[in-house]
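Same order as they appear, the protein sequences are chains A and B.
In terms of this note's numbering, the first sequence is residues 1 to 374.
In terms of this note's numbering, the second sequence is residues 1 to 408.
A portion of the hints provided could be inaccurate.
For the chain A half of the interface with chain B, some residues (derived, Cβ under 7 Å), not all of them [unchecked claim]: (1) Val62; (2) Ile66; (3) Gln67; (4) Cys68; (5) Lys164; (6) Pro242; (7) Glu249; (8) Ser250; (9) Glu251; (10) Leu331; (11) Trp333; (12) Leu335; (13) Pro336; (14) Arg337; (15) Arg339.
Over the 12 Å line for every Cβ pair with chain B, so calculated as not near, a few chain A residues [as the list claims (entries may be wrong)]: (16) Val48; (17) Leu109; (18) Ile152; (19) Asp244.
Cut-off 25 Å, straight-line C-alpha distance, at most; resulting in silico cross-link-like pairs (SDA-like, lysine to any residue) [claimed, not checked]: (20) Lys203(B) - Glu289(B); (21) Lys231(B) - Tyr350(A); (22) Lys61(A) - Leu222(B); (23) Lys164(A) - Arg61(B); (24) Lys203(B) - Arg127(B); (25) Lys349(A) - Val230(B); (26) Lys349(A) - Leu380(B); (27) Lys164(A) - Lys312(B); (28) Lys349(A) - Ala175(A); (29) Lys231(B) - Tyr348(A); (30) Lys164(A) - Asn44(B); (31) Lys312(B) - Cys209(B); (32) Lys312(B) - Phe261(B); (33) Lys164(A) - Pro99(A); (34) Lys61(A) - Gly315(A); (35) Lys231(B) - Met243(B); (36) Lys164(A) - Val66(B); (37) Lys90(A) - Arg104(A); (38) Lys215(B) - Tyr70(A); (39) Lys164(A) - Glu42(B); (40) Lys231(B) - Gln342(A).
It should be emphasised that the hints constitute simulated quantities derived from the structure, not laboratory data.
All values derive from a computational prediction rather than experimental measurement.
Quick reminder that beta carbons are idealized off the backbone N, C-alpha and C, glycines included.
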Amino acid sequence: MIHSSLLASSGGNVFSSLLQGVAPEGVPIWAISLGAAFLGVGILVAFVSLVAMFSVWLERKVSAHIQCRYGPMYVGGWHGWAQTIADGVKLLLKEDLIPLGADRPLFMLAPAIVLGAIFGALVALPLAPGFFFADVDMGLFLILAFSSLTTIGVVMAGWASNSKWSLYGAMREAAQVVAYEIPLGVSLFVPLMVAGTFSLTEASAAQSGWFGMHWFIFQNPFMLPAFIIFFIAALAETKRAPFDLPEAESELVAGFMTEYSGIRWSFFFMEEYAAMFLMSAVGTIFFFGGYHSPLTAMFPESATSGVLYQLVCAGTIIVKSFAGVFVMMWLRWTLPRMRIDQVMSMGYKYLTPLALACVLGAAIWETIFTGDSL
Amino acid sequence: MSEIKEPTELPTPKTVEIPETARTLPSGEREFMLDVSTSDLEINMGPQHPATHGVMRILIRTDGEVVTGGQVHLGYLHRCAEKIGENVEWLQYLPYTDRYDYLSAMNNNLGYSLAVEEVMGVEIPRRATMLRTICAELNRIGSHLVAFGTYGLDIGAFTPFFYCFREREWMMALFEKICGARLTYSYIRIGGVFNDAPTGWLKEVERFCDVFEEKWQEYYDLLAVNHIFVKRTADIGVISPEMAVDYGLTGPMLRGSGIDFDLRRDVPYMAYDEISKAGVFDVPVGRGEKGTLGDCWDRVYVRLQEMMESIKIIRWCLGEIEDGPVIGDIPKVLKVPPGEAYVGIENPRGELGHYVLSDGGKVAKRCRVRGPSFCNVAILEALLPGTFLADSVAIIGSTDVVIGETDR
Chain A
1 MIHSSLLASS GGNVFSSLLQ GVAPEGVPIW AISLGAAFLG VGILVAFVSL VAMFSVWLER
61 KVSAHIQCRY GPMYVGGWHG WAQTIADGVK LLLKEDLIPL GADRPLFMLA PAIVLGAIFG
121 ALVALPLAPG FFFADVDMGL FLILAFSSLT TIGVVMAGWA SNSKWSLYGA MREAAQVVAY
181 EIPLGVSLFV PLMVAGTFSL TEASAAQSGW FGMHWFIFQN PFMLPAFIIF FIAALAETKR
241 APFDLPEAES ELVAGFMTEY SGIRWSFFFM EEYAAMFLMS AVGTIFFFGG YHSPLTAMFP
301 ESATSGVLYQ LVCAGTIIVK SFAGVFVMMW LRWTLPRMRI DQVMSMGYKY LTPLALACVL
361 GAAIWETIFT GDSL
Chain B
1 MSEIKEPTEL PTPKTVEIPE TARTLPSGER EFMLDVSTSD LEINMGPQHP ATHGVMRILI
61 RTDGEVVTGG QVHLGYLHRC AEKIGENVEW LQYLPYTDRY DYLSAMNNNL GYSLAVEEVM
121 GVEIPRRATM LRTICAELNR IGSHLVAFGT YGLDIGAFTP FFYCFREREW MMALFEKICG
181 ARLTYSYIRI GGVFNDAPTG WLKEVERFCD VFEEKWQEYY DLLAVNHIFV KRTADIGVIS
241 PEMAVDYGLT GPMLRGSGID FDLRRDVPYM AYDEISKAGV FDVPVGRGEK GTLGDCWDRV
301 YVRLQEMMES IKIIRWCLGE IEDGPVIGDI PKVLKVPPGE AYVGIENPRG ELGHYVLSDG
361 GKVAKRCRVR GPSFCNVAIL EALLPGTFLA DSVAIIGSTD VVIGETDR
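Start from the sequences, fold in the hints, and give me the full structure.
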């Protein structure tokens, strides 16, 4: 009894089955589940850190090449690949500075909440059919809920810093996220209706087929506008240009991060890149075929439970997600920043009604052409 | 000698009752607020702020995102340039002129030199005039490139800044070849220029002009007509033509409001009379293409067009230049005959005026500078109320102030 309930709560993921295979006789089943949970957390933290570090390096390189520069070239030898590691060590060694007038507990808690929320969101992200930290039925719901939790951390940071610029950043973040959460969620209804599930693993599995012809983006004509709305809303959600108003460095110095330094500051930084990856991954899973690619389509049916297949799937999803991250970076280094009232009116006046129209159109389309009764 | 007296009684500090709810800070002080007002927030923008382009401090009052008032505080970079001008020899003051508007040092040199030359009544060789014109116009391009690039930064676009600096780098390399310095040139001297252009320099200037004309299109396409950029700058910070005249604006700020006035054409100095009569360059003025006449976009676009006009002037000078001496008959120790002169020149930012008064000695009796940024920045207080916080940054950027010159 313990076995099934605990396994169900930890999602029965790859780690617990892995541990079950290697555990000697007599180890209680709860210890295996607990061990699997810790292992999962450890791997998740390592994965997020790696993703964030690689994204930071990528951003520096992308921005540099867009701006006729080289970017980091020395640390680590090959194109400065170890630059982020060196920077991370530097940030760790910096003085832990808390301004005198700051609200100390909140000031210290805010980066933890921001980073914790993004970890929580990434838990529900499957990388391959058998490689996930938790297979949650309402995976998408969980991701959206957790990723909006980061806003609370940001508002907390802005308030606790006791700086007017920080407060401005926090207020902007709150207003912006409230405005863009709606189109973000609503635009995802369109692929959800086709997939018929909130689970990311199932949605991903539903898009199999030769050379991406079953990707949701090709399913009906409302998918592309829905994806564009989703992408714009995701940019606003992750505070990326042209919606980087909460940190707007030419206006608000550094927005909500003004008073932060050292490792606390780097938590916000990591969160930003992890959130970019997360949003791209969600876009990948719900619009661009998840872990399916021509490469995975070449595997015969019998090989789909093998480790190699899982690795190829995970690689596919990571590559696709980084393609999204690259587009986000590209936009950042190309576009000017919008103004807060323009951001607001775009969210409420255009994106939200458009997203709703897409949902309606897709619903009608699906009813007529696929005959599913929604 | 007067003794310093100890104050007999100290003013008694006002006693304030500390409320029960006051928080104890780590330093032991109790923190609380009196008369908490929730309507307005006073923010110090600067002296250390990315949008103020140096050490300008703007005290802004905001109601949420809306700026309800702004006050400009200057003087953080004051170096007594004018007073120094009355204490050092005529020629020794020249390097100080580099330092006020450090983005257009050539033009500063030129303004001061022309003023002193007018008192002296010295003849300037033709080649020197042409070299001066080329350098001044090249420097105008460089200065406008910084203005345009940093304006992109203010609006949030990073990349155009680097493209602008790429071309500016070439401009600075050209100046390095001709005078050895990259920012503070002191190349244009009283009586002419410091030395002749090195071999092949004029050819390279011509090549710069060719390349620049292509790159100019890049800036235009990338930033000036970018939809978000236009949305952010059109109809923002509108200066009506009357207001522009009333506030004594000059340069692109004035022309952005549609007033067709350029000292190079209307009060010509050096060879500009000849150049404008030959119809070499036009004076671009704001036309309110993307919004209202005199908005931020017009000012930015006037600067952008002026770069191309400068290129035309440089090309004309390259065609006219002939061999000859580059400096007039100037003694080593300069003694300026008694007299006074005011010469205003068209600096990239507006009218840079030098007034010099000589009593016949080796040192100026009076050396007064009329800085364009100093006069242009005054309009900020009229423009800021009622704008968004982000717009205020756009407006400050569009005035293109150089703090070195407002403070001098």
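The hints, checked one at a time:
1. Val62: It is violated, given that the least Cβ distance between Val62(A) and chain B is near 11 Å, above 7 Å.
2. Ile66: holds, 6 Å
3. Gln67: Holds. Min distance 4 Å.
4. Cys68: Given a least distance of 6 Å, the restraint on Cys68(A) holds.
5. Lys164: holds, 5 Å
6. Pro242: Check passed: Cβ of Pro242(A) comes within 6 Å of chain B, closer than 7 Å.
7. Glu249: Nearest chain B Cβ about 6 Å off; hint holds.
8. Ser250: holds, 5 Å
9. Glu251: holds, 5 Å
10. Leu331: violated, 11 Å
11. Trp333: This interface hint holds because 5 Å falls under the 7 Å limit.
12. Leu335: holds, 6 Å
13. Pro336: holds, 4 Å
14. Arg337: Given a least distance of 3 Å, the restraint on Arg337(A) holds.
15. Arg339: Holds, because the Cβ-Cβ distance from Arg339(A) to chain B comes to roughly 5 Å (cut-off 7 Å).
16. Val48: Per Cβ check, Val48(A) is outside 12 Å of chain B; nearest 27 Å; holds.
17. Leu109: At roughly 17 Å from the nearest Cβ of chain B, Leu109(A) sits farther out than 12 Å, so the non-interface label holds.
18. Ile152: At about 21 Å from chain B, Ile152(A) clears the 12 Å cut-off, so the statement holds.
19. Asp244: The claim is violated: Asp244(A) sits with its nearest Cβ about 7 Å from chain B, within 12 Å.
20. Lys203(B) - Glu289(B): Given that 25 Å is the threshold and the Cα spacing comes to 37 Å, the pair is violated.
21. Lys231(B) - Tyr350(A): Holds - the C-alpha atoms of Tyr350(A) and Lys231(B) are around 16 Å apart, at most 25 Å.
22. Lys61(A) - Leu222(B): Holds - the C-alpha atoms of Leu222(B) and Lys61(A) are around 21 Å apart, at most 25 Å.
23. Lys164(A) - Arg61(B): Holds. Lys164(A) to Arg61(B) sits at ~12 Å (cutoff 25 Å).
24. Lys203(B) - Arg127(B): holds, 16 Å
25. Lys349(A) - Val230(B): Distance of about 20 Å is within 25 Å: holds.
26. Lys349(A) - Leu380(B): Judged against 25 Å, a Cα distance of about 32 Å means the pair is violated.
27. Lys164(A) - Lys312(B): violated, 48 Å
28. Lys349(A) - Ala175(A): Status holds; Cα separation ~15 Å.
29. Lys231(B) - Tyr348(A): holds, 18 Å
30. Lys164(A) - Asn44(B): holds, 9 Å
31. Lys312(B) - Cys209(B): With a Cα-Cα distance of about 9 Å, the restraint between Lys312(B) and Cys209(B) holds, given a limit of 25 Å.
32. Lys312(B) - Phe261(B): The given pair, whose Cα atoms are some 18 Å apart, holds under the 25 Å limit.
33. Lys164(A) - Pro99(A): holds, 13 Å
34. Lys61(A) - Gly315(A): At roughly 21 Å apart (the allowed maximum being 25 Å), Gly315(A) and Lys61(A) satisfy the hint.
35. Lys231(B) - Met243(B): Given that 25 Å is the threshold and the Cα spacing comes to 23 Å, the pair holds.
36. Lys164(A) - Val66(B): OK: Lys164(A) and Val66(B) at ~14 Å, within 25 Å.
37. Lys90(A) - Arg104(A): holds, 23 Å
38. Lys215(B) - Tyr70(A): This hinted pair holds, its Cα atoms lying about 20 Å apart.
39. Lys164(A) - Glu42(B): Holds. Lys164(A) to Glu42(B) sits at ~9 Å (cutoff 25 Å).
40. Lys231(B) - Gln342(A): Holds, because 9 Å separates the two Cα atoms, which is no more than 25 Å.
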